[in-house]
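A.B. asks: Here's the letter readout for the chains.
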Amino acid sequence: MTAETEAEKNIAAKIQAGLNAQSISVADTSGGCGAMYSIQVVSEEFKGMSIVKQHQLVTKLLKEQIAEWHGFQLVTKAP
Amino acid sequence: MQRAGSQQQTRRSTVVVKAMFAGQGMAPQLKGAIDNLIQSNKIVVFMKGTKQFPQCGFSNTVVQILRNVDAPFETVNILENEALRTGMKEYSQWPTFPQVYIDGEFFGGCDIMIEAYQSGELTELLERIKNE
Numbered sequence: 000m001t002a003e004t005e006a007e008k009n010i011a012a013k014i015q016a017g018l019n020a021q022s023i024s025v026a027d028t029s030g031g032c033g034a035m036y037s038i039q040v041v042s043e044e045f046k047g048m049s050i051v052k053q054h055q056l057v058t059k060l061l062k063e064q065i066a067e068w069h070g071f072q073l074v075t076k077a078p
Numbered sequence: 000m001q002r003a004g005s006q007q008q009t010r011r012s013t014v015v016v017k018a019m020f021a022g023q024g025m026a027p028q029l030k031g032a033i034d035n036l037i038q039s040n041k042i043v044v045f046m047k048g049t050k051q052f053p054q055c056g057f058s059n060t061v062v063q064i065l066r067n068v069d070a071p072f073e074t075v076n077i078l079e080n081e082a083l084r085t086g087m088k089e090y091s092q093w094p095t096f097p098q099v100y101i102d103g104e105f106f107g108g109c110d111i112m113i114e115a116y117q118s119g120e121l122t123e124l125l126e127r128i129k130n131e
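The listed protein sequences derive, respectively, from chains A and B.
Using numbering that gives the first Met the number 0, the first residue of the first sequence is number 0, and each one after it goes up by one.
Using numbering that gives the first Met the number 0, the first residue of the second sequence is number 0, and each one after it goes up by one.
Please note that a few of the clues may not be correct.
Here are the simulated lysine-lysine pairs, DSSO-like style, with alpha carbons at most 27 angstroms apart [what the hints assert, rightly or not]:
{"no.": "1", "chain 1": "A", "residue 1": "Lys-52", "chain 2": "B", "residue 2": "Lys-30"}
{"no.": "2", "chain 1": "A", "residue 1": "Lys-59", "chain 2": "B", "residue 2": "Lys-30"}
{"no.": "3", "chain 1": "A", "residue 1": "Lys-46", "chain 2": "A", "residue 2": "Lys-76"}
{"no.": "4", "chain 1": "B", "residue 1": "Lys-47", "chain 2": "A", "residue 2": "Lys-59"}
{"no.": "5", "chain 1": "B", "residue 1": "Lys-41", "chain 2": "A", "residue 2": "Lys-52"}
{"no.": "6", "chain 1": "A", "residue 1": "Lys-46", "chain 2": "A", "residue 2": "Lys-59"}
{"no.": "7", "chain 1": "A", "residue 1": "Lys-52", "chain 2": "B", "residue 2": "Lys-129"}
{"no.": "8", "chain 1": "A", "residue 1": "Lys-46", "chain 2": "A", "residue 2": "Lys-8"}
{"no.": "9", "chain 1": "B", "residue 1": "Lys-47", "chain 2": "A", "residue 2": "Lys-52"}
{"no.": "10", "chain 1": "A", "residue 1": "Lys-62", "chain 2": "B", "residue 2": "Lys-30"}
{"no.": "11", "chain 1": "A", "residue 1": "Lys-62", "chain 2": "B", "residue 2": "Lys-47"}
Ranges between beta-carbon positions, derived for each pair [said to hold, decoys possible]:
{"no.": "12", "chain 1": "B", "residue 1": "Thr-49", "chain 2": "A", "residue 2": "Lys-8", "range": "36 to 46 angstroms"}
{"no.": "13", "chain 1": "B", "residue 1": "Leu-78", "chain 2": "A", "residue 2": "Cys-32", "range": "21 to 31 angstroms"}
{"no.": "14", "chain 1": "A", "residue 1": "Lys-59", "chain 2": "B", "residue 2": "Glu-104", "range": "29 to 39 angstroms"}
{"no.": "15", "chain 1": "A", "residue 1": "Glu-5", "chain 2": "B", "residue 2": "Glu-126", "range": "42 to 52 angstroms"}
{"no.": "16", "chain 1": "B", "residue 1": "Asp-34", "chain 2": "A", "residue 2": "Glu-43", "range": "27 to 37 angstroms"}
{"no.": "17", "chain 1": "B", "residue 1": "Ile-113", "chain 2": "A", "residue 2": "Glu-43", "range": "22 to 32 angstroms"}
Incomplete in silico selection of chain A near chain B, CB under 10 angstroms [to be verified]:
{"no.": "18", "residue": "Trp-68"}
{"no.": "19", "residue": "Phe-71"}
{"no.": "20", "residue": "Gln-72"}
{"no.": "21", "residue": "Leu-73"}
{"no.": "22", "residue": "Val-74"}
{"no.": "23", "residue": "Ala-77"}
For the record, the hints were derived by calculation from the structure and aren't laboratory data.
These numbers come from a predicted model, not from an experiment.
The beta-carbon is built from N, C-alpha and C at its ideal position, and this holds for glycine as well.
Just need the whole structure built from these sequences, with the hints factored in.
C.D. replies: As structure tokens, then:
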């Protein structure tokens, strides 16, 4: 799990709480402003899912946070 | 015939805009208008700004990709109405814009479009649906 700041850790925790992830990486790419994030999630649960479905799984967990961001990059894959 | 076709498509987009003001949120008329738009056009992009004047880098990227692959596409400016903007996030189950629909199905956002364009998957898909 790669997440350093409080905000990044909160996001990673939200993801971990909702799905069993082998690895989660959250990085604030807005210079610490909490406006843009780059997120990567690797999880067994993604096996056999289309990219859209994988992303929808993650964004559902982060619904409230996302409402406050300007944007984000999400990369998901199965191990 | 090219011009008549694009006029028809513009009329359909206008139907969406008119339906927006008829109800709140995703009113049945709005949902119906969106369903119709997505089924009647091979490619529809719900974006910030218009095809001629995109108002966001990600939306612009998608417009440029579609121009590059020479595919005809409709765009809907979600900045024009909050109900549409909020409604589309529910409709697509996707929290951001742009939202690209191909052949009646949600295809993805900007990152997915870039990936598909670079891998050749987009061109393949467009080729396939052209012959339907």
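A.B. asks: Which of the listed hints are broken here?
C.D. replies: 14 and 23
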